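Colleague: Residues per chain are reported as follows:
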Amino acid sequence: MPLDKNGIAKRIAQELHNGYYVNLGIGIPTLVANFIPEGMEVILQSENGLLGIGPFPLKGEEDPDLINAGKQTITYIKGAAFFDSSTSFAMIRGGHIDLTVLGAFEVSEQGDISSWKIPGKMVKGMGGAMDLVASAKNIIVAMTHTDPKGNSKLIKSCTLPLTGVGCVKRIVTDLAVVDVTNDGFKLIERAPGVTVEEIASKTAGKLIIEGEIPEMAL
Amino acid sequence: MPLDKNGIAKRIAQELHNGYYVNLGIGIPTLVANFIPEGMEVILQSENGLLGIGPFPLKGEEDPDLINAGKQTITYIKGAAFFDSSTSFAMIRGGHIDLTVLGAFEVSEQGDISSWKIPGKMVKGMGGAMDLVASAKNIIVAMTHTDPKGNSKLIKSCTLPLTGVGCVKRIVTDLAVVDVTNDGFKLIERAPGVTVEEIASKTAGKLIIEGEIPEMAL
Amino acid sequence: MNKVVNDAKEAIRGIADNMTLMLGGFGLSGIPENCIAALVESDVKGLTCISNNAGVDEFGLGLLLKKHQIRKMISSYVGENAEFERQLLSGELEVELIPQGTLAERCRAGGAGIPAFFVPAGYGSEVADGKEIREFNGKMHLLEHALTADFAIVKAWKGDTHGNLIYRHTANNFNQAMATAGKITIAEVEELVPAGTLDPNQIHTPGIFVQRIFQASSLEKRIEFVTTRS
Amino acid sequence: MNKVVNDAKEAIRGIADNMTLMLGGFGLSGIPENCIAALVESDVKGLTCISNNAGVDEFGLGLLLKKHQIRKMISSYVGENAEFERQLLSGELEVELIPQGTLAERCRAGGAGIPAFFVPAGYGSEVADGKEIREFNGKMHLLEHALTADFAIVKAWKGDTHGNLIYRHTANNFNQAMATAGKITIAEVEELVPAGTLDPNQIHTPGIFVQRIFQASSLEKRIEFVTTRS
Numbered sequence: 001m002p003l004d005k006n007g008i009a010k011r012i013a014q015e016l017h018n019g020y021y022v023n024l025g026i027g028i029p030t031l032v033a034n035f036i037p038e039g040m041e042v043i044l045q046s047e048n049g050l051l052g053i054g055p056f057p058l059k060g061e062e063d064p065d066l067i068n069a070g071k072q073t074i075t076y077i078k079g080a081a082f083f084d085s086s087t088s089f090a091m092i093r094g095g096h097i098d099l100t101v102l103g104a105f106e107v108s109e110q111g112d113i114s115s116w117k118i119p120g121k122m123v124k125g126m127g128g129a130m131d132l133v134a135s136a137k138n139i140i141v142a143m144t145h146t147d148p149k150g151n152s153k154l155i156k157s158c159t160l161p162l163t164g165v166g167c168v169k170r171i172v173t174d175l176a177v178v179d180v181t182n183d184g185f186k187l188i189e190r191a192p193g194v195t196v197e198e199i200a201s202k203t204a205g206k207l208i209i210e211g212e213i214p215e216m217a218l
Numbered sequence: 001m002p003l004d005k006n007g008i009a010k011r012i013a014q015e016l017h018n019g020y021y022v023n024l025g026i027g028i029p030t031l032v033a034n035f036i037p038e039g040m041e042v043i044l045q046s047e048n049g050l051l052g053i054g055p056f057p058l059k060g061e062e063d064p065d066l067i068n069a070g071k072q073t074i075t076y077i078k079g080a081a082f083f084d085s086s087t088s089f090a091m092i093r094g095g096h097i098d099l100t101v102l103g104a105f106e107v108s109e110q111g112d113i114s115s116w117k118i119p120g121k122m123v124k125g126m127g128g129a130m131d132l133v134a135s136a137k138n139i140i141v142a143m144t145h146t147d148p149k150g151n152s153k154l155i156k157s158c159t160l161p162l163t164g165v166g167c168v169k170r171i172v173t174d175l176a177v178v179d180v181t182n183d184g185f186k187l188i189e190r191a192p193g194v195t196v197e198e199i200a201s202k203t204a205g206k207l208i209i210e211g212e213i214p215e216m217a218l
Numbered sequence: 001m002n003k004v005v006n007d008a009k010e011a012i013r014g015i016a017d018n019m020t021l022m023l024g025g026f027g028l029s030g031i032p033e034n035c036i037a038a039l040v041e042s043d044v045k046g047l048t049c050i051s052n053n054a055g056v057d058e059f060g061l062g063l064l065l066k067k068h069q070i071r072k073m074i075s076s077y078v079g080e081n082a083e084f085e086r087q088l089l090s091g092e093l094e095v096e097l098i099p100q101g102t103l104a105e106r107c108r109a110g111g112a113g114i115p116a117f118f119v120p121a122g123y124g125s126e127v128a129d130g131k132e133i134r135e136f137n138g139k140m141h142l143l144e145h146a147l148t149a150d151f152a153i154v155k156a157w158k159g160d161t162h163g164n165l166i167y168r169h170t171a172n173n174f175n176q177a178m179a180t181a182g183k184i185t186i187a188e189v190e191e192l193v194p195a196g197t198l199d200p201n202q203i204h205t206p207g208i209f210v211q212r213i214f215q216a217s218s219l220e221k222r223i224e225f226v227t228t229r230s
Numbered sequence: 001m002n003k004v005v006n007d008a009k010e011a012i013r014g015i016a017d018n019m020t021l022m023l024g025g026f027g028l029s030g031i032p033e034n035c036i037a038a039l040v041e042s043d044v045k046g047l048t049c050i051s052n053n054a055g056v057d058e059f060g061l062g063l064l065l066k067k068h069q070i071r072k073m074i075s076s077y078v079g080e081n082a083e084f085e086r087q088l089l090s091g092e093l094e095v096e097l098i099p100q101g102t103l104a105e106r107c108r109a110g111g112a113g114i115p116a117f118f119v120p121a122g123y124g125s126e127v128a129d130g131k132e133i134r135e136f137n138g139k140m141h142l143l144e145h146a147l148t149a150d151f152a153i154v155k156a157w158k159g160d161t162h163g164n165l166i167y168r169h170t171a172n173n174f175n176q177a178m179a180t181a182g183k184i185t186i187a188e189v190e191e192l193v194p195a196g197t198l199d200p201n202q203i204h205t206p207g208i209f210v211q212r213i214f215q216a217s218s219l220e221k222r223i224e225f226v227t228t229r230s
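Protein chains in written order, with the working numbering: chain A, 1 to 218; chain B, 1 to 218; chain C, 1 to 230; chain D, 1 to 230.
Hints listed in this document are in silico derivations from the structure and should not be mistaken for laboratory results. Please note that the accuracy of each hint is not assured.
[As the list claims (entries may be wrong)] Once the Cα atoms are required to be at most 27 Å apart in a straight line, the calculated DSSO-like pairs of lysine-lysine come out as: (1) D:K183 <-> A:K78; (2) D:K139 <-> D:K9; (3) C:K139 <-> D:K131; (4) C:K139 <-> A:K121; (5) A:K169 <-> C:K183.
[To be verified] Simulated coverage check for chain C against chain B, where a stretch passes if three residues somewhere in it have a Cβ under 8 Å from a Cβ of chain B: (6) 31-45; (7) 51-58.
Only a predicted model underlies this, so the values are computations on that prediction, with no experimental measurement involved. For each residue, glycine too, the CB sits at the ideal point set by N, CA and C.
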């Protein structure tokens, strides 16, 4: 059965390690914060100027001076630090973030990503996505395997305007965990109850399937 | 009579205006701080990370965390700000300093300056001088008119390695105030009791002398 | 040091038609509300506004958009604004989109006298169109140029009469970099204190970058997306 | 977050012959005394040290110079050190001199992922030799490249267990930029406190840049030129 948003987020949380500095994009990636394993210390960066995002505030404790990159009210943890946008992107561009998780419209076999612009639709902007994908050491894309019409989002070459090239390392979808390798996509895990055949049929790019593909352990 | 160091500093202090941010180099320029007119507010920058240098500390109040660019113990004024070296030179390079005063070995008719290196002698380094001369809006050189051997330091072209090109606007020496113009040096004022002839004889570069040259009012 | 002005109206004096402004803030957080209100009242028009976002329909830069005072926005993300979208689609408004980190660094560079620098962001995308591309350490980079503005307008938490500024939490965002890059920089602060009151080790924007400062008369500090946990 | 190490000896683990180090400080102010002492004891040699100055004969980097542990200095000003001069003239030591602001910015750029940038400093001087020169806004600029180091060693006033740092007065100087540019950054602090103790608005170096931190065991904090008024 395909994963829901929380399932994708839960699987991505398994990629975290103690002491990681992580930037979580808007949407599904934000949910990853809810699944950080007990006892693991992970520092979440908000590119608008915070290291150490805490949980959402309690009602009545919202602070207009304290928001995340999605402009939602947040809190901060002990040991947090605030800084300006140029310092924030110095961290990002300088490769100091251990892991970036973001959404996408499409990912290509080469690890190219399209995530910010659909021709003919209102273009809102790339925000910090281009900076993040151009510089993060490790980039995981969180998205559905297909678009609402059923078209694969893991394709040979991106058809939409690019956000970055050759940068995505791993994709976690509602159906599978797929790595980007020099030889194309490589199937790593399948969602519980989802068959390799279904994943293969919904992956437009070259998909390498080697040996038994384990189910995700969620 | 030629001015002494304090006389040169006193004359340079006349170039200050209320609200100026000023960087004073090591040596004679540092003395300018002693002649800031009563009631005038001038903020002195120390390129090692301070806006708002105060007087030297009282004995027993020296702080190893509080020094100027010459590594002397200092104090700071009310309204001071400390910052790191990259921010400090952002101020300098970004043209935010109203006036820079520094010493020199030679200044050319074109406003080129040599101040950091004498071939054959131990080279200690340029420190922040190249950054300052390349970016300050207004640069005044404080120096003696001639070297200890009597050679003019205001010359057609610099003979020593350059610190910067076409940057000096005004030179205040023990003998005169000289501006750098498109047509060469221009004599503006003479030190009390010093003749135009003496200044002319000790200026190797082209010196424009127009009309009556007033004595400095010190 | 006579940097203190009475109010926003006095602070924005000299802002004229067709000028370029930088405005601090991220979303609605840390935006110079009082100055925006004064600009709306001033009827100045043809503005180019460098701001990470473009406000919402009834707040922030949305107020200037509504009155057609903005000719061009230079931003990284301009969602959450229906009037913006309408003007853009109708061709009344021009928009230049810049990756957020590049935007921040271009402002910092403008203040720091660095006319151009290389960054990897945008390589392979349309952002790279027409830009010089160069490889460093096996990676492709674009040459990006500094941004400056006729006026930079920032919002700080505390400020002193010398123009020293301290920001609070994530309301700093673009304010610190933009404060350095205005020919004239205006700071609107929640609390204006005498010089010597703020800890000199804790200044985010040293006063040298600020030409005019005033205490905001009232701040709504609207929240765009109130999000709470149960 | 397990960034706390016991002492300087543990902090410098992994620093090997022929590595490049950045060391914060201006003159003798804000230098990582404990780490320098540990390096002297370690006998590591062939070091390239990026530091604004080179210490004095009996203190700071002068101690490493005396033991011939430094192969090359990258600095803006190296006076006040007779042994330094001797080694330089005898050819035992190599020196690269860089304008101070360019040095600071090259360190910041190294930490910020900016491989190269243009500055006006040094144009027309021997500093420009071999460098790309380009005109911007009617003024000539040099292309300067980022600096990084195997280890950056900085000294802060206060630090917490997450590696967040606060500097004091002019002892910040090069520490803040260098802290961002080490593959591994070591912070030696006067006071080490638990995470959550420092005001998050007042952090000069966010902990993400720091990999190891320890409380200095004793600091001499020598003054180079005691200057007083009467």
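Colleague: Look at each hint and say if it fits the structure.
Modeller: Status of each hint after checking the structure:
1. Distance hint between D:K183 and A:K78 is fulfilled; the C-alpha atoms sit about 25 Å from each other, no more than 27 Å.
2. Under the criterion of a C-alpha separation no larger than 27 Å, the hint pairing D:K139 with D:K9 is inconsistent with the structure, at around 48 Å.
3. Our distance criterion of 27 Å between C-alpha atoms is met by C:K139 and D:K131, whose separation comes to about 21 Å.
4. For the hint pairing C:K139 with A:K121, the CA-to-CA distance comes to about 32 Å; that exceeds 27 Å, so the pair is violated.
5. With a CA separation close to 44 Å, the supplied pair A:K169 and C:K183 exceeds the 27 Å bound.
6. Check result for the segment 31-45 of chain C against chain B: violated, 0 residues qualifying (beta carbon to beta carbon below 8 Å, three or more required).
7. By the rule of at least three residues with a Cβ nearer than 8 Å to a Cβ of chain B, the coverage given for the segment 51-58 of chain C is violated, with 0 such residues.
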